[in-house]
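S.K.: As a plain string of letters, each chain reads:
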Amino acid sequence: GAVVSQHPSRVICKSGTSVKIECRSLDFQATTMFWYRQFPKQSLMLMATSNEGSKATYEQGVEKDKFLINHASLTLSTLTVTSAHPEDSSFYICSAREGGGGRNTDTQYFGPGTRLTVL
Amino acid sequence: SQQGEEDPQALSIQEGENATMNCSYKTSINNLQWYRQNSGRGLVHLILIRSNEREKHSGRLRVTLDTSKKSSSLLITASRAADTASYFCATVFYSGNTPLVFGKGTRLSVIA
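Protein chains in written order, with my numbering: chain A, 1 to 119; chain B, 1001 to 1112.
Some hints could be false.
[As the list claims (entries may be wrong)] Straight-line C-alpha distance at most 30 Å; calculated DSS-like pairs for lysine-lysine:
{"id": "1", "chain 1": "A", "residue 1": "K41", "chain 2": "A", "residue 2": "K64"}
{"id": "2", "chain 1": "B", "residue 1": "K1056", "chain 2": "A", "residue 2": "K55"}
{"id": "3", "chain 1": "A", "residue 1": "K41", "chain 2": "B", "residue 2": "K1070"}
{"id": "4", "chain 1": "A", "residue 1": "K64", "chain 2": "B", "residue 2": "K1104"}
{"id": "5", "chain 1": "B", "residue 1": "K1104", "chain 2": "A", "residue 2": "K41"}
{"id": "6", "chain 1": "B", "residue 1": "K1069", "chain 2": "A", "residue 2": "K41"}
{"id": "7", "chain 1": "B", "residue 1": "K1026", "chain 2": "B", "residue 2": "K1056"}
{"id": "8", "chain 1": "A", "residue 1": "K55", "chain 2": "B", "residue 2": "K1069"}
{"id": "9", "chain 1": "B", "residue 1": "K1070", "chain 2": "A", "residue 2": "K66"}
{"id": "10", "chain 1": "B", "residue 1": "K1056", "chain 2": "A", "residue 2": "K64"}
{"id": "11", "chain 1": "B", "residue 1": "K1026", "chain 2": "B", "residue 2": "K1104"}
{"id": "12", "chain 1": "A", "residue 1": "K64", "chain 2": "B", "residue 2": "K1069"}
{"id": "13", "chain 1": "A", "residue 1": "K55", "chain 2": "B", "residue 2": "K1070"}
[As the list claims (entries may be wrong)] So the derived list for chain A, only partly shown, Cβ under 7 Å to chain B, looks like this:
{"id": "14", "residue": "L26"}
{"id": "15", "residue": "F28"}
{"id": "16", "residue": "F39"}
{"id": "17", "residue": "S43"}
{"id": "18", "residue": "G53"}
{"id": "19", "residue": "Q108"}
{"id": "20", "residue": "G113"}
{"id": "21", "residue": "T117"}
{"id": "22", "residue": "V118"}
[To be verified] Pairwise CB distance ranges (calculated):
{"id": "23", "chain 1": "B", "residue 1": "S1028", "chain 2": "A", "residue 2": "T80", "range": "29 to 39 Å"}
{"id": "24", "chain 1": "B", "residue 1": "N1030", "chain 2": "A", "residue 2": "Q42", "range": "22 to 32 Å"}
{"id": "25", "chain 1": "A", "residue 1": "Q42", "chain 2": "B", "residue 2": "L1061", "range": "39 to 49 Å"}
{"id": "26", "chain 1": "B", "residue 1": "T1020", "chain 2": "A", "residue 2": "K66", "range": "36 to 46 Å"}
{"id": "27", "chain 1": "B", "residue 1": "K1056", "chain 2": "A", "residue 2": "T57", "range": "42 to 52 Å"}
{"id": "28", "chain 1": "B", "residue 1": "G1059", "chain 2": "A", "residue 2": "K66", "range": "27 to 37 Å"}
{"id": "29", "chain 1": "A", "residue 1": "T17", "chain 2": "B", "residue 2": "G1059", "range": "14 to 24 Å"}
{"id": "30", "chain 1": "B", "residue 1": "N1018", "chain 2": "A", "residue 2": "P40", "range": "44 to 54 Å"}
{"id": "31", "chain 1": "A", "residue 1": "T82", "chain 2": "B", "residue 2": "N1038", "range": "22 to 32 Å"}
{"id": "32", "chain 1": "A", "residue 1": "F39", "chain 2": "B", "residue 2": "D1066", "range": "25 to 35 Å"}
{"id": "33", "chain 1": "B", "residue 1": "R1054", "chain 2": "A", "residue 2": "T82", "range": "42 to 52 Å"}
Just so you know, the hints here were simulated from the structure itself, not pulled from any lab data. Note that this is a predicted model, so its numbers are computed, not measured. Note that CB positions come from ideal geometry on N, CA and C, so glycine has one too.
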């Protein structure tokens, strides 16, 4: 099956620093990637949708200047949390949907997540 | 925003019993999917049911979909301790670039 990787799996940083999280589709091309955030014992909340080569679409209430998303290639999307604060501590999960070529586009493949802790 | 509401929010059963979780959603969908998440881990895709389907099976899992009531249920038969996890339903409004929207989830505990 399709595999999505995330790096790093865990990161601890100081308040005020920026953190970059990478999401890669390993064996398929992902024209669309999604970023979710999950707080403890809560569900996944969609943050943004990114399409390769274009600007991300952010969900209401998500600051685009704080959460920078870049989808520069068909296999890589990055989420940069800028000037991180303790309230940004969360589990960030990316997801990729295979695009084009007549393949099934119903399935979103999820990465294993990145746990961010901001001190 | 979240689409689905699962109930119960938490469920505790004995090993060997069946576990039923329900999900309701608000708008018309293309398909509905169920996922499992072990504590602090990534998501595992369990099953996808399309809007024109009423029931699907996969091993010990049985999923039903009632589009008139905008609801779905996930039944796990003969539960095992390893089934302990959070279970989420997620809906797709229509195929294309629309993302999965997750419900709040049910935390299932299976006691050995």
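S.K.: Could you run down the list of hints and mark each one as holding or not?
M.R.: Results of checking the hints against the structure:
With a C-alpha separation of about 25 Å, the suggested pairing of A:K41 with A:K64 holds against the 30 Å cut-off. A hinted pair counts as satisfied when its Cα atoms are at most 30 Å apart, and B:K1056 with A:K55 does not qualify at roughly 38 Å. With a C-alpha separation of about 25 Å, the suggested pair A:K41 and B:K1070 falls inside the 30 Å cut-off, and the hint holds. Under the criterion of a C-alpha separation no larger than 30 Å, the hint pairing A:K64 with B:K1104 is consistent with the structure, at around 24 Å.
Restraint check for B:K1104 and A:K41: satisfied, since their Cα atoms lie roughly 9 Å apart, inside the 30 Å limit. With a C-alpha separation of about 27 Å, the suggested pairing of B:K1069 with A:K41 holds against the 30 Å cut-off. A threshold of 30 Å between alpha carbons decides the hint, and for B:K1026 with B:K1056 the separation of about 21 Å falls inside it, so the pair holds. For the proposed pair A:K55 and B:K1069, the alpha carbon gap of about 37 Å is over 30 Å, so the pair is violated.
At most 30 Å may separate the alpha-carbon atoms for a hinted pair to count; B:K1070 and A:K66 exceed this at roughly 36 Å. About 39 Å separates the Cα atoms of B:K1056 and A:K64, which puts this hinted pair outside 30 Å; it is violated. For the hint pairing B:K1026 with B:K1104, the CA-to-CA distance comes to about 13 Å; that is within 30 Å, so the pair holds. With a CA separation close to 36 Å, the supplied pair A:K64 and B:K1069 exceeds the 30 Å bound.
With a CA separation close to 33 Å, the supplied pair A:K55 and B:K1070 exceeds the 30 Å bound. With a cut of 7 Å, the hint placing A:L26 at the interface with chain B is violated, because the nearest CB-to-CB distance is about 14 Å. With its C-beta approaching chain B no nearer than about 15 Å, A:F28 sits outside the 7 Å limit, and its interface hint is violated. Taken as an interface hint, A:F39 does not check out: its beta carbon lies about 12 Å from the nearest beta carbon of chain B, beyond 7 Å.
Of the supplied interface hints, the one on A:S43 holds, with its beta-carbon coming within about 5 Å of a beta-carbon of chain B, less than 7 Å. Proximity of A:G53 to chain B is violated relative to the hint, the smallest CB-CB distance being about 13 Å (cut-off 7 Å). The interface hint given for A:Q108 holds, since its Cβ lies 5 Å from the closest Cβ of chain B, which is under the 7 Å cut-off. Taken as an interface hint, A:G113 checks out: its beta carbon lies about 5 Å from the nearest beta carbon of chain B, inside 7 Å.
Given the 7 Å rule on beta carbons, the hint for A:T117 is violated: about 12 Å separates it from the nearest Cβ of chain B. Hint on A:V118 is violated. Least Cβ distance to chain B is approximately 17 Å, over the 7 Å limit. The supplied range of 29 to 39 Å is met by B:S1028 and A:T80, whose beta-carbon atoms lie about 35 Å from each other. Restraint check, B:N1030 to A:Q42: a C-beta distance of roughly 25 Å satisfies the suggested window 22 to 32 Å.
Here the CB-CB span from A:Q42 to B:L1061 is close to 24 Å, at odds with the stated 39 to 49 Å. Remark: the range hint 36 to 46 Å for B:T1020 to A:K66 is upheld by a beta-carbon distance near 40 Å. At roughly 31 Å, the beta-carbon separation of B:K1056 and A:T57 lies outside the given 42 to 52 Å, and the hint is violated. Between B:G1059 and A:K66 the CB atoms are about 42 Å apart, so this pair departs from the stated range of 27 to 37 Å.
Separated by about 45 Å at the C-beta atoms, A:T17 and B:G1059 break the suggested range of 14 to 24 Å. Range check, B:N1018 to A:P40: Cβ separation about 28 Å, and the 44 to 54 Å hint is violated. For the hinted restraint 22 to 32 Å between A:T82 and B:N1038, the CB-CB distance of approximately 31 Å keeps it satisfied. For A:F39 and B:D1066, the hinted distance range of 25 to 35 Å is satisfied, since their beta carbons lie about 31 Å from each other.
Taking the beta carbon of each, B:R1054 and A:T82 are about 47 Å apart, inside 42 to 52 Å as hinted.
When each numbered hint is compared with the structure, violations occur for hints 2, 8, 9, 10, 12, 13, 14, 15, 16, 18, 21, 22, 25, 27, 28, 29 and 30.
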